[in-house]
Structure formats: C-alpha cells, structure tokens
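Engineer: One-letter residues, chain by chain:
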Amino acid sequence: MISKFLNKNFYINFSIVISVYFFDRLTKMFVIQLDKNNLGSDIFNSTYLNIVLIWNKGIAFGLLSFNEDYLYNILSIIIAMIVVVLVIMSIKSQGFKRYSLLMVIGGALGNLHDRIFFKAVPDFIDFHIGSFHWFIFNVSDIFITFGIIFLIVLEISSNKEEKYE
Amino acid sequence: MSKYRVTFFLSFLIFLSSCAVVKEGFKSPKQKTSDEFLVEKKSPLIMPPNFNELPLPESSIKKNKEEDNTIESLVSKSENKTIENKENKNQSLENSILEKIK
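Top to bottom, those sequences are chains R and Y. In the working numbering, each residue's number is its place in the first sequence (first place is 1) plus 36. In the working numbering, each residue's number is its place in the second sequence (first place is 1) plus 39.
Think of the hints as simulated: they come from the structure by calculation, not from any bench. Small disclaimer: the values here were computed from a predicted structure and weren't measured. It is possible that part of the hints are untrue.
[Stated by the list, open to error] Short, incomplete list of chain R residues facing chain Y, as computed with Cβ under 8 Å:
#: 1; residue: 96
#: 2; residue: 115
#: 3; residue: 118
#: 4; residue: 120
#: 5; residue: 140
#: 6; residue: 157
#: 7; residue: 177
All C-beta atoms in this analysis are idealised placements derived from N, C-alpha and C, irrespective of residue type, glycine included.
Let the sequences and hints guide you as you build the complete structure.
Structural biologist: Structure (structure tokens):
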C-alpha cells in the first residue's frame, strides 16, 4: 500500500510543494534580515515597487486580525484544516489541476509556518503607481493566488465543455 | 455546481493568503495602547504614622548606651574635679589668712 503511494508522481508532487515552501522561506528570511540591518526602514524603493516589511496577524487584506490569542489560534487551526482538505483534493485530482493545488499547498504551508512560529505573516512586496498602493504581499501569496486562479479557470472551462457535450 | 466550487476556491484564497493593506501596516502601534488620561494618579509618598515608634536595632541601642556612659563619666569626673579645686582654693585662703595673722 505504502509502496504504491510512494511512486514517481508522489516524489514530483512532494518536490513541487517543498520547493515552493523553501523558496518562500528563503525570501522571508532574507527580507527579515535586511529589515534588521536597515533598522526597520524601507529596504528598497523604486517608482513601481517598494520592499517594506510588515507583519500581518490576520488573513487576506488584513482581515480578522485579532489581539486575543485564542481567536488567532482558532484561525490558524481553520487554515491548517483547509491545507489538509487541499492535500486530499490534490491526491484525488490529476494533471494541471493537481499542480495548481500543489502550488496553493506550498504557499499555504509557508504562511502557516509563520503563523505558528512568529504569530504573524511577514509581507514585503508593495507594488504601487504613484500614491496608489496595491496590497502588500509575499511570495507564498503569489503562488496561492496563481494556483487559485488556475483552479477557477479550469473549473469554468470544464463546466463549459460539459455544457457543449 | 461550478459557482459553488469557484466561491469555495475564493474562500480558500482569502483564508490562505496573507496580503495586508498598506495603511494598516503603517499604523503606529500606539493607537492600540490604553488611554493615558484614564490612568489614576498615584498619591504622594507619606511617612508611616508609627514610624517613630518603631523599635531600634540592638546594635544602635548598645552604641547609644556606650555614648551615654562616656558622657556621664566625663560629667561626673569634671564635677569631682571642680569640687576638689574649690576645696583646694578654700584651704589656700585659710592658710594665707593664718599666715597674715601670725
């Protein structure tokens, strides 16, 4: 049973998740170190991109950022449960859908790591046009967002194919 | 069915990603602290009412006694000396008068 599970595909899938996770960790560690060296000031400034370290205690768009520990822990448990659901979904799915799910899992694990060890997620990429700033995000957010976009596109396209048939 | 799945995926996106709003990120942490004007002022420091009635330590009592003894002894000695001096003076006067009478 285990040997059947540990086939070539498993190693490929696992390496995708691990590579996303470690790439995210490396960038976060690098930016945290730069922030320490710069004593909390801006790390990089340009006309369209700033690198500034900000700690987010909540979920997307800074929502649900609680000061109470038990609410924060409940939120972390919900996120961990979502990751488990995604893992089950990736085992059941195939092809490009699986790879997009693996991207989401890798990014989610990166953010979950920070939630557990730092009690907040470091965000540092700040795209802006003049004074208009987009949300500050990190590398794992990029993988999660693109993974979810791919999943939605696949879902819509498969639905259209079913309709035509 | 696909609509439900899309909303399902979008909810995953909201929970798993951690992008922050720029304004919230730059908020000063002072805003979350308590109101400094609601803190009650502490009353000024006052000496306890029975402060003078507190017992002295033994070593200081001994020292005081020793000092008293020395002072007493000094005073008593000086008194003795003055009496002796007075007696001596009286005797010398007597002697001088007696000598003159002779």
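Engineer: Next step is simple, just say for each hint if it's right about the structure.
Structural biologist: Right, here's what the structure says about each hint:
no.: 1; hint: 96; in the structure: 4 Å, holds
no.: 2; hint: 115; in the structure: 6 Å, holds
no.: 3; hint: 118; in the structure: 6 Å, holds
no.: 4; hint: 120; in the structure: 12 Å, violated
no.: 5; hint: 140; in the structure: 7 Å, holds
no.: 6; hint: 157; in the structure: 4 Å, holds
no.: 7; hint: 177; in the structure: 4 Å, holds
Comparing the model with each numbered hint stated earlier shows that hint 4 is the single one that does not hold.
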